[in-house]
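Asks: Single-letter residue listing:
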Amino acid sequence: MTPPKSPEPDSSGEERKAPPPRRLPPLWRLAFDLVERPIGAASESFVQSEVFMDALAAGWKVQRRMTREVQRGIGLWLDVLAVPRRSDLTTLVNQVASLERQVRQVTRELERRNGSEISQQRPAATTRRSSAKAKGR
Amino acid sequence: MPSLIERQVLRARNGLAYLAGTNRPAIAQTPKDTVWRRDKAQLWRYRHAEGEGVSIAPPILIVHSLVSKSYVLDLMPNNSMIRYLLGEGFDVFLLDWGVADAAEAENTLEDYVDDYIPEAIQATLREAETDEVNLIGYCFGGVLTLLLAAGHPELPIRSLVTLATPADYSKMGFMSQMFARGRLDPDDVIDDTGLVSSTRMDEGFQALKPTDQLVQQVNLLQNLWNEEFVEGFVAMNQWARDQVPFPGAAFRQTVQVLIRDNALMRGVIPFGRGEVRLQDIRVPYLNAFAEQDGIVPAAASAPLTELVGSEDASELRLQSGHVGFVAGRQAAKVARPQIADWIRRHSDEV
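For the protein sequence lines, the chains are A and B, in the order given.
Read left to right, the first sequence gives residues 3 to 139 (my numbering).
Read left to right, the second sequence gives residues 86 to 435 (my numbering).
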């Protein structure tokens, strides 16, 4: 499939009207584009470079480690003050989520079993009907 | 176009409304009914406007991506892929995944492909009282529909369309390169609740085009006098920053199987207890992708047409960006009509 073709004569054989000429952007916009385009292109190339990706990966890893360390430090103080910490809440959320997942699995398993029981019953009913028909004949 | 002075007045008025947040457009306005739900997944059936009706069968089931919100498909009344398809006479269903939380953290790709989507297809068949569906997968939803069509040949799929769906993850640039060679492990970005947070997802997308936010703001300033532009801008900007968390278990699989092993490109994907083969996809297939897509580059999507086993496999190459399929001027002029036309040719009139 290709995009629509450029204007062609319509069914009446006449040339379609040319679209109105496009307005030029204001000067300030042209100036902005003149500066932004090379910077944008360079920054996109930089983002794709090994140096940037290595640095970002290291940054994310450090950020994660720092966050954990800070949370652990704060947690120790919160423990002293007998105040629940964020990780306690996260543990509870995860435990509830785990329970929710188990309930879902059990529900699905039950539905499957019910489904298979119904499908097992159906052929039996069909057989009875067929045999009844056969007897009738 | 208004005069210079009028434009400045409009600019001031719209600018103040924008800053105050009072010109938020109404999004996802097409009326719909929830016809099936499981956990956070919901299947919506959209209602036709008065005087419209279903004239094409089988219905369309759209499987949305796991990484964004589905309202991009029904962004605004004048800019809605859903509304367009309804207007063309299709019966439209959308499978929305909701916002994942800790309960979804252990969801694997198999959960989506072997459980949720087949059940949603059954619900679609039941609701529409039909025996087949036309399937559309958008972005990562396309990956799910490919795995589904390859792994479940028994499902009654009339045709399959993938929009902006990656196959060659080595061409995905920054996003996959961060994980490809062990620079980062999935667990480096999965948080304590077992999800890749929406903030992390957003950071990843923003890094693709570092100056994009600035350019967008300048576009807004230039067109601030134009109410219609501002409305569209606000809606699109809201969606672009409105990422959803990605389930950790599915993310680990994505990194290992799709990114590091580049399994879609090999055509054989380890899945469940066995594997699925893209060559087993036999239904008519349309691979639609965009030349200016910065998230899923055309080079990452293009090979799909050859990878599937369908005899009727074609590609639709658009001159737009990632959302140019579903929203915006390109979508209205080119993408939606061509996609609808392709599906219509593989459907029946009723």
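Read the hints as simulated data drawn from the structure, not as lab findings.
Hints should not be assumed to be uniformly reliable.
[Claimed, not checked] Below, in silico cross-link-like pairs of lysine to aspartate or glutamate (EDC-like), each with a Cα-Cα straight-line distance of 20 Å or less: (1) Lys-294(B) to Glu-52(A); (2) Lys-125(B) to Asp-186(B); (3) Lys-63(A) to Asp-297(B).
[Stated by the list, open to error] Far from chain A, by Cβ distances over 10 Å, these chain B residues were calculated: (4) Gly-183; (5) Arg-268; (6) Ala-292.
[To be verified] Facing chain A, according to a computed beta carbon distance under 10 Å, are these residues of chain B, among others: (7) Met-86; (8) Asp-118; (9) Trp-121; (10) Arg-123; (11) Val-184; (12) Ala-188; (13) Ala-190; (14) Ser-255; (15) Asp-273; (16) Leu-293; (17) Lys-294; (18) Pro-295; (19) Glu-316.
Heads up, the beta-carbon is just placed ideally off N, CA and C, and yes, glycines get one too.
Asks: Classify the hint on Trp-121(B) as holds or violated, based on whether any CB of chain A lies nearer than 10 Å to its CB.
Replies: With Cβ-Cβ at 13 Å, over 10 Å, it is violated.
Asks: Using Cβ atoms only, decide whether Asp-273(B) comes closer than 10 Å to chain A, and label the hint accordingly.
Replies: holds, 6 Å
Asks: Could you let me know if the closest chain A CB is still more than 10 Å away from the CB of Ala-292(B)?
Replies: violated, 6 Å
Asks: Would the stated hint for Lys-294(B) survive a check requiring a Cβ distance to chain A of less than 10 Å?
Replies: Status holds, d = 6 Å.
Asks: Can you verify the interface hint for Glu-316(B): is its Cβ closer than 10 Å to any Cβ in chain A?
Replies: violated, 21 Å
Asks: May I ask you to test the interface hint for Ser-255(B) with respect to chain A, counting a Cβ-Cβ separation under 10 Å as satisfied?
Replies: Violated, because the Cβ-Cβ distance from Ser-255(B) to chain A comes to roughly 13 Å (cut-off 10 Å).
Asks: Should the hint that Arg-123(B) touches chain A count as held when the rule is a Cβ pair under 10 Å?
Replies: Hint holds; Arg-123(B) Cβ to chain A Cβ min 8 Å, cut 10 Å.
Asks: Classify the label on Arg-268(B) as holds or violated, using whether its beta-carbon is more than 10 Å from each beta-carbon of chain A.
Replies: violated, 4 Å
Asks: Confirm or reject: Gly-183(B) is not an interface residue toward chain A, with every Cβ-Cβ distance exceeding 10 Å.
Replies: Non-interface label on Gly-183(B) holds, nearest chain A Cβ at 14 Å vs cutoff 10 Å.
Asks: Mind checking the CB of Met-86(B) against every CB in chain A and telling me if the closest is under 10 Å?
Replies: holds, 8 Å
Asks: With 10 Å as the cut and Cβ atoms as the points, is Asp-118(B) at the interface with chain A?
Replies: Since the shortest Cβ distance to chain A is 22 Å, the answer is violated.
Asks: Does Pro-295(B) hold up as a contact with chain A if the rule is Cβ-Cβ below 10 Å?
Replies: Where the cut-off is 10 Å and the nearest Cβ of chain A is about 4 Å from Pro-295(B), the hint holds.
This entry does not satisfy hints 3, 5, 6, 8, 9, 11, 14 and 19, going by the numbered hints stated previously.
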